[in-house]
Amino acid sequence: GQQLNQSPQSMFIQEGEDVSMNCTSSSIFNTWLWYKQDPGEGPVLLIALYKAGELTSNGRLTAQFGITRKDSFLNISASIPSDVGIYFCAGQLYSNYQLIWGAGTKLIIKP
Amino acid sequence: DVKVTQSSRYLVKRTGEKVFLECVQDMDHENMFWYRQDPGLGLRLIYFSYDVKMKEKGDIPEGYSVSREKKERFSLILESASTNQTSMYLCASSFQGVGEKLFFGSGTQLSVL
Chain A
1 GQQLNQSPQS MFIQEGEDVS MNCTSSSIFN TWLWYKQDPG EGPVLLIALY
51 KAGELTSNGR LTAQFGITRK DSFLNISASI PSDVGIYFCA GQLYSNYQLI
101 WGAGTKLIIK P
Chain B
112 DVKVTQSSRY LVKRTGEKVF LECVQDMDHE NMFWYRQDPG LGLRLIYFSY
162 DVKMKEKGDI PEGYSVSREK KERFSLILES ASTNQTSMYL CASSFQGVGE
212 KLFFGSGTQL SVL
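Listed in order, the protein sequences are those of chains A and B.
For the first sequence, counting from 1, position 25 maps to 25 in the working numbering; every step adds exactly one.
For the second sequence, counting from 1, position 5 maps to 116 in the working numbering; every step adds exactly one.
I should point out that these hints are in silico values taken from the structure, not numbers from a laboratory.
Keep in mind that this is a model prediction, so the values were computed, not measured.
Note that CB positions come from ideal geometry on N, CA and C, so glycine has one too.
One thing to keep in mind: the hints can contain errors.
[Stated by the list, open to error] Only part of the chain A face toward chain B is listed, based on derived beta-carbon distances under 7 Å: (1) Thr-31; (2) Pro-39; (3) Glu-41; (4) Pro-43; (5) Leu-45; (6) Gln-92; (7) Tyr-94; (8) Gly-102; (9) Ala-103; (10) Ile-108; (11) Ile-109; (12) Pro-111.
[To be verified] Subject to a maximum C-alpha distance of 30 Å in a straight line, what follows is the list of computed BS3-like cross-link-like pairs (lysine-lysine): (13) A:Lys-51 - B:Lys-212; (14) A:Lys-106 - B:Lys-212; (15) A:Lys-106 - B:Lys-164; (16) B:Lys-114 - A:Lys-51; (17) B:Lys-212 - B:Lys-166; (18) B:Lys-181 - B:Lys-114; (19) B:Lys-212 - B:Lys-114; (20) A:Lys-70 - B:Lys-168; (21) B:Lys-124 - A:Lys-106; (22) A:Lys-70 - B:Lys-164; (23) B:Lys-129 - A:Lys-106; (24) B:Lys-114 - B:Lys-164.
[Unchecked claim] What follows is a set of in silico ranges between Cβ atoms, one per label pair, in the way DEER data are often shown: (25) B:Pro-150 - A:Asp-18: 23 to 31 Å; (26) B:Glu-167 - A:Glu-41: 23 to 31 Å; (27) A:Asn-96 - B:Ser-176: 20 to 28 Å; (28) B:Thr-126 - A:Gly-53: 31 to 39 Å; (29) A:Tyr-50 - B:Lys-114: 20 to 28 Å; (30) A:Ser-57 - B:Asp-137: 50 to 58 Å; (31) A:Thr-68 - B:Glu-167: 46 to 54 Å.
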């Protein structure tokens with residue numbers, strides 16, 4: 001099956017730093033979603049984007065739906081210890097509404 | 112809050128055993144999904160169902176089957192477990208009209224020895 005290109009695979013950051021991650025594809029999407037998975041839990045939806053160019057925030061998290069409809073970005077400002085986990089992007093294909101997932105970005109905060 | 116409950120957090124089975132993974136959701140969602148999660152591969156869709164007794168193959172259905180006899184319950188069956196089916200299994204559900212907003216269970220870590 002298809003997969004989104006999500007990068008980076010992992011990030012080691014200091015508490016207080018800003019974080020950026022992205023997902024790209026050669027396909028066009030009508031919806032982009034960002035999920036977070038805490039250790040030992042299932043993914044939880046953070047942000048949903050429905051329109052090209054849309055910029056949406058959820059607290060310290062901001063995500064954007066790329067203008068080409070082929071990519072999306074997630075930024076976390078001033079990271080805190082509870083931000084650790086795996087962040088997944090998912091895109092709903094324009095062609096058939098199938099949901100395609102990225103491989104995840106593992107966020108680790110250095111003590 | 113939506114609750115998706117998976118029957119076991121950890122399971123250890125032997126090669127060749129028949130394995131049942133159960134999932135129940137309490138929000139009257141039409142859609143239910145089974146994913147497996149492996150490091151570096153993200154989430155891969157095994158099967159999904161958009162109504163009772165309906166099922167559709169996902170990206171990796173081989174070696175698996177599913178059952179949806181009631182709206183709230185979606186079961187994943189490994190007919191003859193193999194070591195390459197050792198993985199984290201995640202169940203999810205969603206409303207028909209907003210199928211992209213998935214609510215996940217906590218997962219079942221299955222080890223096949």
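Quick one: which hint numbers does this structure break? Sort them smallest to largest. 2, 7, 10, 11, 12, 15, 22, 23, 28, 30 and 31
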